[in-house]
Structures are given as structure tokens and as C-alpha cells.
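S.K.: Here's the letter readout for the chains.
Number of protein chains: 2
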Amino acid sequence: MTRLVMKFGGTSSADPSRLEACAALIAERQKEGASIAVVVSAPAGMTDRLERDVGTADPDGQWVDEGDAVLAAGEQINAALLAMALRRLGLRARSYTGWQVGMLTDGAHGAAKIQSIETKALTQTIDGGTIAVVAGFQGLGPDGRITTLGRGGSDLSAVALAAALQAQACEIYTDVEGVYSADPRMVPTAKPIARLSYEELLEMASQGTKVMQSRSVELAMAKNVTLRILSSFEGTVPQGGTTIGTNAALERATVCAISYSRDETRIMVHRLPAGSEALTRVFAVLAEAGIQVDLIVQSPGNHVNESTLVFSLRRGDAQQALSLLTDPCHKLALDEVSLDPDMAKVSVIGIGLRSQTRMAHTMFETLCAHDIAIGAVATSETRISALIPAVDVEMAVRALHQAFGLDQART
Amino acid sequence: MTRLVMKFGGTSSADPSRLEACAALIAERQKEGASIAVVVSAPAGMTDRLERDVGTADPDGQWVDEGDAVLAAGEQINAALLAMALRRLGLRARSYTGWQVGMLTDGAHGAAKIQSIETKALTQTIDGGTIAVVAGFQGLGPDGRITTLGRGGSDLSAVALAAALQAQACEIYTDVEGVYSADPRMVPTAKPIARLSYEELLEMASQGTKVMQSRSVELAMAKNVTLRILSSFEGTVPQGGTTIGTNAALERATVCAISYSRDETRIMVHRLPAGSEALTRVFAVLAEAGIQVDLIVQSPGNHVNESTLVFSLRRGDAQQALSLLTDPCHKLALDEVSLDPDMAKVSVIGIGLRSQTRMAHTMFETLCAHDIAIGAVATSETRISALIPAVDVEMAVRALHQAFGLDQART
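Going down the list, the sequences are from chains A and B. Using the numbering used here, the first residue of the first sequence is number 1, and each one after it goes up by one. Using the numbering used here, the first residue of the second sequence is number 1, and each one after it goes up by one.
Chain A with its partners taken away, still in its complex shape (with noise of 0.2 Å):
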């Protein structure tokens, strides 16, 4: 038996007309053949409303187990309310709850793992014809209490349901025609990506492309379950939209997708003692304070025994960062400590990158082209970024879609 699981998001089934597109494209699916399970969020509205009534009664968010009774809620009449949908259009459906569907995490509130999913009931349901249409979000902790996933957390329940039922597909329904190489509203011959890897969308996401949380992209990659971004406003089931699976990038060119950050601040020390005791103790600083920092660069400095350290880091940690380093207590000996809040990072994203002298050099020209300042380089097998200013962000976003050939159609 063909399963799929179909997820929508909160812009996806936000008002009864919006459910009712929701309700058609399922229709359509199901004619294909396949055993249907639904996921979906909260209507976006409703969301909203719940946070505020939570934010309300627990201004502190210390009372996290009841504030998951009360976001719960979104997700369960969204559910029901779509099943509805589907049976005005003569369909078999029924709506389950995190509980109803033996979604078992471990009781961790606001932010709780899935731990096992029951699936045994749900898979005759759904084999049977009928559409089982799951709240997603939410789950049930060892102590019978409702537990919420936490940001994005109903793209991580149709992973983990996808996994659970050996579903062929997880087909996430959003707002977007699927990930785009670039930014559409910065680079206008930005187009959905046709095929990525796990890696790459890891990377893109980490990189500041806001597709869907890493965590649920981590899921999919360990259960290797293959992803689907399809827009859920075309009015019937897209034929375009970005599939994301294991070994993508044999099929397409190595440069997948320019992304970028505005988040960024630059921090340098100066003079500092060269070796590698200072550096360790300027990261251990940070990371005991729970700061996460991005390109680091450290090069000679004027004198011999002395460097130059350069990192970057999300702007909200900047201010902590410098009090950390300048503080005598933490006797780091910083002569000089300078904080550049005006940066931004642009990557360019793609398998075996590392290895591809050739990319990093098309991109430093490309940068260099058109007068950006490099103000940090950093590497991994599926990026190369550079922190540059960022007034220049969409400038190097576009120069960079056009240099690495992506301003082309593909296949």
C-alpha cells in the first residue's frame, strides 16, 4: 500500500476557504491512489490568539504544562474542522489529537521529543480509505499530559508520522512554490530548487533560508524520509515544488542555492598572544555563556606572538560577548576588544563544496567584482560563506545567483 502524509501549515489552512483548498488538493491525492494521513497546524489567527491568552496568564513562561493544554487546543480544532472539509466533498476522513493518534514523547513541555508513534489503529484507518487527519504539534508525556513540539513542531510531527506509517513521501504544503535558489524577493530570477539533498537544506537553513526547522529536516534525514515543499495555493496538486532526499546532487549542478544572513556581527581582538591557550580561552568564555560563534579567522598579527582574532556571531549575542571578553576577571589580557554590528553573511550552498577550489574561487571574484569587502571566510563540505557589510547583501546575493549559474532554468 502507497502511503503519504500531507502536512499544512498555518497560512496553509488559516480560514474555512483556505481548508477547503486544503480539502481539494487531499481529494486529488487520494484519487492517485495512495492511503492519506493529513497533519496540520493551528489557523495562523488562532495561534496568535492562544499565545497572547497564555502570555496573559503566565507572563513569567514558567507554567509551560498548562500553556501546552492551551496551544494544543489550535491544532485540535484545526483538525477537526478540516476532516469537515473533507467530508463535504464526500470523503471519508476523521480527525485525531496528538493522544488519539499514540504520538508519545518524553514529557519534556514546550519542547518535547516524539519518542514512538502507535501506529497500528492509524494505518488500518488510512489503508481502509479513510483519511485520518492528525493535530500536529503535540503529543502525549509519559504522565498523560499534553506535550507541544515546540517551533515547527508540526513539520516534525508528519516526519515522524511519514517514518512511522513508511510513508513514500512527507509533502509539506506552504506558501512558497518550494526553496528557492535565492531569495525571490532579493534576486527576481530566484527559482525553486527541483531536487536537494538532507545537507543542503540543513545548510541553507542554517544559513538563514527559512524553509522548515533543522530539527524536522534532521528527522526526515535519519529516518530517510523523502521530503516534499509543494505550495498549497495553485489551486490543485503542484507538479513543480522541491523534493529532498539522500544523493540529490547527482542530478544537478554542484551550486544549489545562495543564502544569507543579516544577523550578523563581527567581533576582533587584537593582539592577541598568539598559541592556542588564548584562543581556547576565548571560546570556552563564550561557550560557557551559551554564545554560538559562526566564522572564526585568526591571522598573524603586527607583532610576532600576537594575533588577530575575528569572529562572528548573532547580533542579540554581541553586547554579552564584549563584556565577557573585556572583563578583567576572566584575565584574558584583551588589549583590544572592537564589536562591527553592521555585518552580514552571504553562503553559497552545494555538495562537495569543500573540495571545489574552482567555486571559492568564482566566489571571491565574484565578491571582489563588485567591491565587497571579505571580512571572514568559513568552509564546510556544503557551503562556503563570507561575512561582508551588510549594505552589500543583496548585491552579493544577486552577483553570486548569477555567477554560479542559477539564474538559469533547470530541470
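A few of these clues could be false.
To be verified - Straight-line C-alpha distance at most 20 Å; calculated DMTMM-like pairs for lysine to aspartate or glutamate: (1) A:Lys210 with A:Asp183; (2) A:Lys120 with B:Asp143; (3) A:Lys120 with A:Asp65; (4) A:Lys113 with A:Asp65; (5) A:Lys191 with A:Glu394; (6) B:Lys120 with A:Asp143.
Said to hold, decoys possible - Okay, the calculated beta carbon distance ranges per label pair: (7) B:Glu28 with A:Gly316: 40 to 46 Å; (8) B:Phe233 with A:Leu322: 35 to 41 Å; (9) B:Lys31 with A:Val285: 49 to 55 Å.
Hints in this document: simulated from the structure, not taken from any laboratory. A quick note: this is a predicted structure, and the numbers were derived from the prediction, not measured. Built from N, CA and C at the ideal position, the CB exists for glycine as well.
Chain A is fixed; fit chain B onto it per the hints.
M.R.: Chain B only, in chain A's frame:
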């Protein structure tokens, strides 16, 4: 261990400040030493919103199973919000949905009957000093789905819980100070009744006084649960209110209240063949159609072997009743059926009234003194009702309230 169930309706818990007022009342009661379980309705505005959503998704009301999943969410949300309000006061509290509290029903969606409640864990919780806040109106069907209990369902949850917990009392907090001796908008001297028997409250409810749904009172009577109707709008646990239990009548005068209903239509059947056959056929036809008949009077007609039949019924049923009775296929041979839609019913409520001919006399005398025509009369153990012109109802209620001494202050 003394246990107490406190129930708050949708008006009493409509918004954050009202929830805080509820929490303060609960805190006061807990200080007195009782183990406390609370039952909440959904906030009034949310119920309206969810009912609108369900009406849009399921205009024909066919899919009550999914409607139940939507509607039950309102109580779930409010229970969690109230638990948080209690915690803000430094109290221990946690919320329970219907399925979490083991409120098992017969599975009849939209109008489920409670079958049993698992009280073991709940008893431990509340006897340990934690306040349990239970979502009213809902339970779990045999198939593991959410079922709602229908109108007045939260009262029913509260009474059932009080019975299962062997609670000392079930306190129903509402927006009035108790059960009044007459509608206070109509009779300015009307007062809350200190004590009532179940039978009297049931009779008042059936005669138009809006307090609690009869099914909740009936359950309380069957399980011998003491009810207290109290206002949640006094800022502190009210001293007054109405207590409903057995043998309440021993402690006060016989007549306790005047009820009325404006929703009455009188049907007169002239020249009905005398004897029980024709009469039986009339009521068989109406009963088959599910039409409830209230007051019935049969009197001799102008000719021997003929009689005049007068009965009253709810206005909404009148046209259907008329069509049924005049339909030739029923062979009722009814020469003349007439309908008077502008009737009202006024009732004197109290235990043991049937044997108190003095009471009936006082009633007729009072109505006559005010030139109010009596269309029909009926008595039961606990009431004397008269059908009167709708235009006279206010005058009748005020006059009877005074005539039966209900204007005086009572303990």
C-alpha cells in the same frame, strides 16, 4: 477528607480578570480546608466563535463527532488558563481534560451520557492539596474519541464529579445570587431562596425559570449531591446563595417561587367526541410527532357526547400540531380546531401543593382579583400552573409573589 466541587460557567470565567476572580474564590474555599476540584466551561465568547466555525464547516450538523473535537477545545483552554491563575496566587493546581480525568461516556456525540469517572488519581491529587481544574462539558467515548455532553454539560460534569468524589457539595457559580423567588427583572422584591428541594428546582426549571438544566438537577437528586447556586461576582465567597438538597421544605413555607413562561400556545378542539378514544388519538398523533403537551383540560361541550379539549404547548410546535390534527388522514373528525398563540403560563412552585387546596384557592383568587382570565389549570405535587393571556404575565407574577408572602425577607 472534606471534598468540594466548584463549577464556573462561561460568564464567570469569560476573560483574564474574571478568571482571577474565580481563582480568588477557590483560594478562599481551600483555606477552609477542603480538597477542591473545579469544573470550568469555555469562556462565553470562545464558545460563540467555535460554534460559528462548526456551523460553517458543517451547516447541516451531520458530523457531530468532529464538532465535538472543536467545541471541547474551549473548555480545555479555559481549564489550563484557570490553573495558571491559581498558580499566580501561589497555589498548586493542574488542569485536566475530560479524557485525562477519565470521564467516560456512552459515545453519543453532541449529547453524550456520562458512564463513569476514574477518581483514583484525581482523589490523590486533590487530597494532596493540589487543585484539579477539570474541563467541563466533555468526556471520552468507548472508541477513544472526544464526546461532548450537550447543553448544560459543564453543570453535569460538575455534579457527576461531585458524586464520584463523594463531595460535600457541588457549588455552581454563576452571574446571579442564587435561585430567586421570581424573575427579579419582573418582581423587584424577589429574593434568592435559601433552601430548595431537587423537586422544586426541577419544577421551576420545567416551568420556565432558567437556572440549571434539568438533567444536572436530576443527576444530583439521584446521587444525593447537595447543590449550591452562588454568585461569582461578589469578590468573595458569598454567604447567601441557594442550597438544593433533600427535605428542604421542612425549613420554610410551602410556596417557594413563582415561575413563568411566555412561550405558550393554546389549542382548543371543539366538539370532540366524548370518551377516551378520540382523546387518546389526539395525543397519540402529537406524541408520534414528538410534540410535548403541557396543560390539558377537557370539559363537556354544548351537546351530549361532545366535549371541548384545551391544551397548551410550546409556540414552536403549534403550527405542526394544528396541521396534524386537521389532516384528514388521521381521521380525527375534528370539526373545529382553533389556536391562540398569545398565551403565557404562570406557576406557583412548592412541595406538597397538590394537597393544599388553600394554595390553589389563593392562586385563583389572586388572578381573579386582577381580572386575569384563566385558560386552563394543572397541578402536580410541586406546582399549580395557570394558562393566562401573555399580556397579563407581569401583573400575575407580581401579584402571586405578594399573595404567597414571598415579598417578605426570609432566612
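S.K.: Would you pick out the hints that fail for this structure and give their numbers low to high?
M.R.: 3 and 8
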